[in-house]
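Throw the hints in and build the complete structure from the sequences for me.
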Amino acid sequence: MYEFNYRKVDSVDAAVEAIQQADDGKFVAGGQTMLPTMKHRLASPSDVIDLGGIAELVGVCVEGDTVIIGAMTTHAAVAASAEVQAAIPALAKLAANIGDPAVRNKGTIGGSIANHDPAADYPAAVIALGATVKTSRREIPGEEFFTDMFETALEEDEIITAVTFPVAEMAAYMKFENPASRYAIVGVFVAKTGGEVRVGVTGATSCAHRGLQLEAALGGQLDASGIDAVELPVENMNSDIHASAEYRAHLVKVMTKRAVEACAQ
Amino acid sequence: MVTVNITVNGKPVSGEVESRTLLVQFLRDNLRLTGTHVGCDTSQCGACVVHVDGKSIKSCTLLAVQADGAEVTTIEGVANGSELHPMQQAFMDNHGLQCGFCTPGMVMTALDIVNRNGNNLDEATVRKELEGNICRCTGYHNIVKSVQAGAKNMGGS
Ligand SMILES: Cc1cc2nc3c(=O)[nH]c(=O)nc-3n(C[C@H](O)[C@H](O)[C@H](O)COP(=O)(O)OP(=O)(O)OC[C@H]3O[C@@H](n4cnc5c(N)ncnc54)[C@H](O)[C@@H]3O)c2cc1C
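Chains as they are written, first to last, in my numbering: chain B, 1 to 265; chain F, 266 to 422.
No wet-lab data here; the hints were simulated from the structure. Just so it is clear, CB atoms sit at the ideal spot from N, CA and C, and this is done for glycine as well. Certain hints may be false.
Unchecked claim - Simulated DEER-style distance windows between Cβ atoms:
id, chain 1, residue 1, chain 2, residue 2, range
1, B, E261, F, E283, 50 to 56 angstroms
2, B, A82, F, P277, 33 to 39 angstroms
3, B, E144, F, G334, 35 to 41 angstroms
4, B, M149, F, N385, 42 to 48 angstroms
5, F, G334, B, E3, 18 to 24 angstroms
6, B, E56, F, K276, 50 to 56 angstroms
7, F, G334, B, N236, 46 to 52 angstroms
Structure (structure tokens):
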């Protein structure tokens with residue numbers, strides 16, 4: 001890892017100012033992706049601005065039909081939150097199955113979605129639940145947030161402050177995980193909210209996305225009988241040592257069926 | 266260079282570090298607490314697990330400056346003098362180690378498991394909770410037994 005200037009800030013404004021003043025600044029949240037990346041010299045920022053001192057970014061609250069999760073809330077805190085468990089149990093369960101306990105004690109929701117690893121779990125939930133990403137300057141619909149592999153709608157000096165999730169009537173997440181890292185080889189989040197059934201897919205392609213063909217096959221119902229007939233474009237699927245494109249295309253349908261069945265239970 | 270003040274195993278320590286110094290490097294190189302190991306560079310193996318403010322974290326994936334002001338417990342802070350902690354004793358009694366490289370991280374994670382899940386641990390819970398700790402010798406079987414036995418003995422029964 002190359003040396004850098006370290007700055008810990010205690011407000012969102014101070015973080016924005018610090019990054020604007022830096023040559024090539026980067027925010028660090030839980031550091032569970034940032035630090036390994038810097039160790040491998042895949043990133044070598046001039047300045048690292050630590051969001052760990054911004055108290056207002058930490059915490060979960062439920063207001064009416066919305067769950068609001070501060071960007072610096074750890075995966076462990078979301079998993080253990082009685083409020084999330086009651087309002088959107090599938091979201092608490094998703095958080096409880098990210099990586100391992102030590103990773104969950106540091107990794108944050110803001111860091112996970114800002115990073116947009118194409119195999120990360122949260123993006124599927126953000127898309128399927130119709131969440132909104134709140135930032136230091138605007139609100140971004142979850143569906144428009146993820147733009148490409150490791151790319152999002154965020155500007156360089158923009159900070160995620162919170163993610164708001166509408167409470168779903170029913171929801172479930174199923175992931176086929178890499179047995180070593182626990183990242184999703186394929187993960188599918190299915191949610192029924194306000195009479196609409198949405199499908200969020202991660203791990204399968206370069207970008208977390210809505211499974212529109214799958215949604216059409218479900219037709220607003222939690223009935224998976226039409227899923228087998230869906231023909232997903234294999235050429236869009238990721239292919240690596242863990243799984244071929246054909247296998248991933250197959251897994252998307254299997255995970256969708258399992259998630260639909262888990263919703264219906 | 267930056268100054269860090271950390272309480273390690275109950276003792277306040279301070280040191281001058283580079284921003285890029287990892288907590289594990291500070292523990293091993295500055296404080297000579299070499300019980301905390303580094304087994305990988307991908308944050309996956311768990312040999313470096315310590316507790317920071319009571320929670321298990323991978324000390325290879327935290328900057329020393331980020332631990333400024335924190336309370337850190339390492340494997341060296343677990344025993345009571347020459348008397349092993351019940352969790353350490355359980356690893357000894359159950360042949361929970363072979364080469365021993367992963368053991369400090371295993372014990373620190375095991376203590377965190379007990380903190381969150383209590384003294385009565387079933388095998389499935391232990392196996393799931395140990396996902397972030399890799400052992401290349403034992404096949405995990407005796408590690409799982411050790412954690413269950415250690416947890417029980419910590420409860421005093
Ligand atoms: C061994 C291991 C296993 C893992 N397994 C999984 C898994 O199964 N599933 C999964 O989804 N993830 C997994 N992860 C990743 C983990 O969830 C990380 O916590 C997450 O990807 C990044 O979150 P972080 O808070 O650590 O962010 P950091 O690493 O600190 O930051 C990541 C990126 O996000 C930016 N950033 C952070 N916070 C903000 C913010 N508020 N606003 C704007 N930009 C921001 C940073 O600048 C950086 O570019 C794993 C990680 C490890 C090390």
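Review point. Is the distance from the Cβ of E144/B to the Cβ of G334/F consistent with 35 to 41 angstroms?
Key: holds, 39 angstroms
Exercise for review: Could you check the hint for me, namely that A82/B and P277/F are 33 to 39 angstroms apart, CB to CB?
Suggested key: holds, 36 angstroms
**Study point:** Satisfaction of the hinted span 42 to 48 angstroms by the C-beta atoms belonging to M149/B and N385/F
**Key:** Holds, at about 44 angstroms.
**Study point:** G334/F paired with E3/B, Cβ distance criterion 18 to 24 angstroms
**Key:** holds, 22 angstroms
Practice item. Can you let me know if the beta-carbon spacing of E56/B and K276/F is within 50 to 56 angstroms? Key: violated, 33 angstroms
Point to revise | Range hint compliance [Cβ, E261/B to E283/F, 50 to 56 angstroms] | key: holds, 52 angstroms
Practice item. Could you check the hint for me, namely that G334/F and N236/B are 46 to 52 angstroms apart, CB to CB? Key: Taking Cβ atoms as reference, G334/F and N236/B lie about 48 angstroms apart, which means the hint holds.
When the structure is compared with the earlier hints, a violation turns up for hint 6 alone.
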